[in-house]
Amino acid sequence: MTPENRAAYWKANVRLLTILLVIWFLVSYGAGILFAGPLNAIFIGGYPLGFWFAQQGSIYVFLVLIFVYAVRMNQLDKKFDVHED
Amino acid sequence: MDLKILTIIIVGATFALYIGIAIWARAATTGEFYVAGKGVHPVLNGMATAADWMSAASFISMAGLIAFSGFDASAYLMGWTGGYVLLALLLAPYLRKFGKFTVPEFIGDRYYSQTARIVAVICLIVASVTYVIGQMKGVGVAFSSFLEVPYTWGVVIGMTIVFIYAVLGGMKGITYTQIAQYVVLITAYTIPAIFISLHLTGNPLPQIGLGSEYAPGGDPSGIALLAKLDQVVRDLGFAEYTAQKGSTINIFLLTLSLMIGTAGLPHVIIRFFTVPKVKDARSSAGWALVFIAILYTTAPAVGAMARLNLVETIQTGPVGEETSNIELSALPTWMLRWEKTGLLAWEDKNNDGRLQYYDDKNAEFAAKAEQWGWKGSELTKIDRDIMVIANPEIAGLPNWVIALVAAGGLAAALSTAAGLLLAISSAISHDLLKGVFMPRISEKAELLAGRIAMAGAILLAGWLGINPPGFAAEVVALAFGLAASSIFPALMMGIFDKRANSAGAVAGMLAGLTFTLVYIFWFKGWFFIPGTNMAPNTPDNWILGISPEAIGAVGAMVNFIVAYVVSHATAPPPEHIQHLVEDIRVPKGAGEATGH
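From first to last, the protein sequence lines stand for chains A and B. Using this note's numbering, you'd call the opening residue of the first sequence number 1229 and step up by one each time. Using this note's numbering, you'd call the opening residue of the second sequence number 755 and step up by one each time.
Warning: the hint list may mix true and false statements.
Computed spacing ranges between beta-carbons, pair by pair [unchecked claim]:
1. B:Ser1078 <-> A:Gly1273: 25 to 33 Å
2. A:Ile1251 <-> B:Ala1099: 29 to 37 Å
3. A:Ile1272 <-> B:Lys1198: 54 to 62 Å
4. A:Trp1238 <-> B:Met1192: 46 to 54 Å
5. A:Val1242 <-> B:Trp907: 34 to 42 Å
6. B:Trp907 <-> A:Lys1307: 57 to 65 Å
7. B:Met1192 <-> A:Lys1307: 53 to 61 Å
8. A:Ile1272 <-> B:Leu1133: 46 to 54 Å
9. B:Ile962 <-> A:Val1296: 19 to 27 Å
10. A:Leu1249 <-> B:Thr869: 25 to 33 Å
For lysine-lysine, the following PhoX-like pairs were computed, each having C-alpha atoms within a straight-line distance of at most 25 Å [unchecked claim]:
11. B:Lys1135 <-> B:Lys854
12. A:Lys1307 <-> B:Lys1031
13. B:Lys1342 <-> A:Lys1239
14. B:Lys1094 <-> B:Lys1122
15. B:Lys1252 <-> A:Lys1239
16. B:Lys1031 <-> A:Lys1306
17. A:Lys1306 <-> B:Lys1135
18. A:Lys1307 <-> B:Lys1094
Worth flagging that the hints you see were computed from the coordinates, not collected in a lab. Virtual Cβ for every residue (Gly too), placed ideally from N, Cα, C.
Produce the complete structure using the sequences and hints provided.
Next up, the structure:
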């Protein structure tokens, strides 16, 4: 593994996790807290949207984020040949 | 069958199962004792992590907290789940690659400093001990309210069970018991929730039911359940359920503190040392959150539906009409049963033979209520824990479900206690004894020391559970504050900033820690001694409206800034440390446990 390869892998990793953390922030702190009030004017079923994000939606998004990270990192590990065994 | 006998049978059967697992999963090496030999399948580790994480508070108290604070309780729901994103993306894979046994060990090695390691050990012990007392109290309460066993004996029985499987099996025994405990607790939690959701909305999935039309007993009302709940609580002078009540900055920072704290709690982090590979650490965090989310997305439904049930039971018709309040002689049996435990109390203040429940602290509404002859809310005590433990009775479910809830509460408390006790004992035997005082200790002697430390930690936890000190109730402020302001930033900087050095880490941890502790003690009393607080613990006195529970996130920022500035103003870390950081950033080469 060359130092350049190592650096490129790390850069790709940091880029991926930055994108995912921005989404993490937007759903929980954005939709669930800062903009929950205005979003509550919109309804999905009987749920006011802001309330839904705060007590249901953000948790589902968290789940998706972790699995997306796990899958994308497995691909990056192979691409940069840094995977285990 | 009699409820008590049924409860003894079901609780007894689960305990027998845990002991059986303990005998089957004995630990023979320090690797098995500390990290279950690093051979736990990621899905199973996820399940064990979920049980490890979900404590007596999650199982018994959270739904009640949601029931009475509505929207504002979202901070706990998001905070205690969102931390897993931080864990999976920022810590778990790298710490697994590092491949050692404990969290202080990483901090000590990465910052080539025994001081850093000892600071981490102290934070770990204070956070974990605070947390474990709550679990022991949960065990005592579960025994005394379900089995009518005295509180002290309840704690002793719980300690004995944990003693058997934790001392014998270490992390290996704990892991496999936690998997069984997860199954017990999630079954116990979801069955009553499904029936209540079915009864109130016709939909068996509580997550969907909460967003459905209110249709009690299959009778459509034409109004959504949450809208109905908003309406009935508003009619009684309370704040609307789905509306925000606290300040935005406090909810924001509380959520952030709980997330960072979750990711920094050592008993959660060490669970990711038990999986075979780096990629397993990533996916295992996802699986953990799947299993946690099943309970955490059900809890809002349990809370909202229990609150609606309670209000509708007491206020049977339009507010203000005399016959709209339930007669005391007509109260449901579950209310009479729980009154005996002292968790529920009422008083007929206006002697009208009926029960009134409303917000008598809302001056405008209280004035209106006085015209109806109401003399204060008559539901004088309602312990929020009752929302979960009385749930099966409220839903009219058979006795075996009530017995299962008792077993579920015990499973939640015992599984978390065991995880915490392992974190404490490994910090003592591995970090203090082997790491600092007796580096030449043999593996066999260290394993014995681990077992003795575990036994000691259990005795201490039990004693503190029976004689809870003032700080026991401050788990959220203290444990999450410490983990957020000291451990998380040190770990994250150690991985993401190659330039972070020993001086920076120690200065950062001490600054974050001091800042957070002083803020907490300022409002809650120095070392939680009553009467020593410098200002009353009320929103008007808090700086910018930030509660002591929410200050951990600010403490973490202080830590990050101090650590960054000091690290960059002093000499860079030695060459071999920079190589270590390079090495943990790539999965390749992760091997077996390298604890020596």
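C-beta pair Ile1272 (chain A), Leu1133 (chain B): status relative to the range 46 to 54 Å that was hinted:
Since Ile1272 (chain A) and Leu1133 (chain B) have Cβ atoms about 33 Å apart, the given range 46 to 54 Å is violated.
Cβ-Cβ distance between Ile1251 (chain A) and Ala1099 (chain B): within 29 to 37 Å?
violated (47 Å)
Between Lys1031 (chain B) and Lys1306 (chain A), is the straight-line Cα distance small enough, at 25 Å or below?
holds (15 Å)
CB-CB spacing for Met1192 (chain B) and Trp1238 (chain A) relative to the 46 to 54 Å hint
About 38 Å separates the Cβ atoms of Trp1238 (chain A) and Met1192 (chain B), which means 46 to 54 Å is violated.
Lys1307 (chain A) and Lys1031 (chain B) were given as a pair; does the straight-line alpha-carbon distance stay at or below 25 Å?
OK: Lys1307 (chain A) and Lys1031 (chain B) at ~18 Å, within 25 Å.
Could you tell me whether the CB distance from Ile1272 (chain A) to Lys1198 (chain B) stays inside 54 to 62 Å?
About 60 Å separates the Cβ atoms of Ile1272 (chain A) and Lys1198 (chain B), which means 54 to 62 Å holds.
Pair hint Lys1252 (chain B) and Lys1239 (chain A), alpha-carbon separation not exceeding 25 Å:
holds (14 Å)
Has the given pair, Lys1306 (chain A) with Lys1135 (chain B), been kept, meaning a C-alpha gap of at most 25 Å?
violated (60 Å)
Taking 25 to 33 Å as the stated bounds, is the beta-carbon spacing between Leu1249 (chain A) and Thr869 (chain B) within them?
Between Leu1249 (chain A) and Thr869 (chain B), where Cβ atoms are some 31 Å apart, the hint holds.
Need the status of pair Lys1135 (chain B), Lys854 (chain B): alpha-carbon distance at most 25 Å?
Violated - the C-alpha atoms of Lys854 (chain B) and Lys1135 (chain B) are around 49 Å apart, more than 25 Å.
Taken at face value, is the distance from the CA of Lys1122 (chain B) to the CA of Lys1094 (chain B) at most 25 Å?
Given that 25 Å is the threshold and the Cα spacing comes to 32 Å, the pair is violated.
Range hint 19 to 27 Å: satisfied by the CB atoms of Ile962 (chain B) and Val1296 (chain A)?
Holds: the Cβ-Cβ distance is about 24 Å, inside 19 to 27 Å.
Comparing the model with each earlier hint shows violations of hints 2, 4, 5, 7, 8, 11, 14, 17, 18; every other hint is respected.
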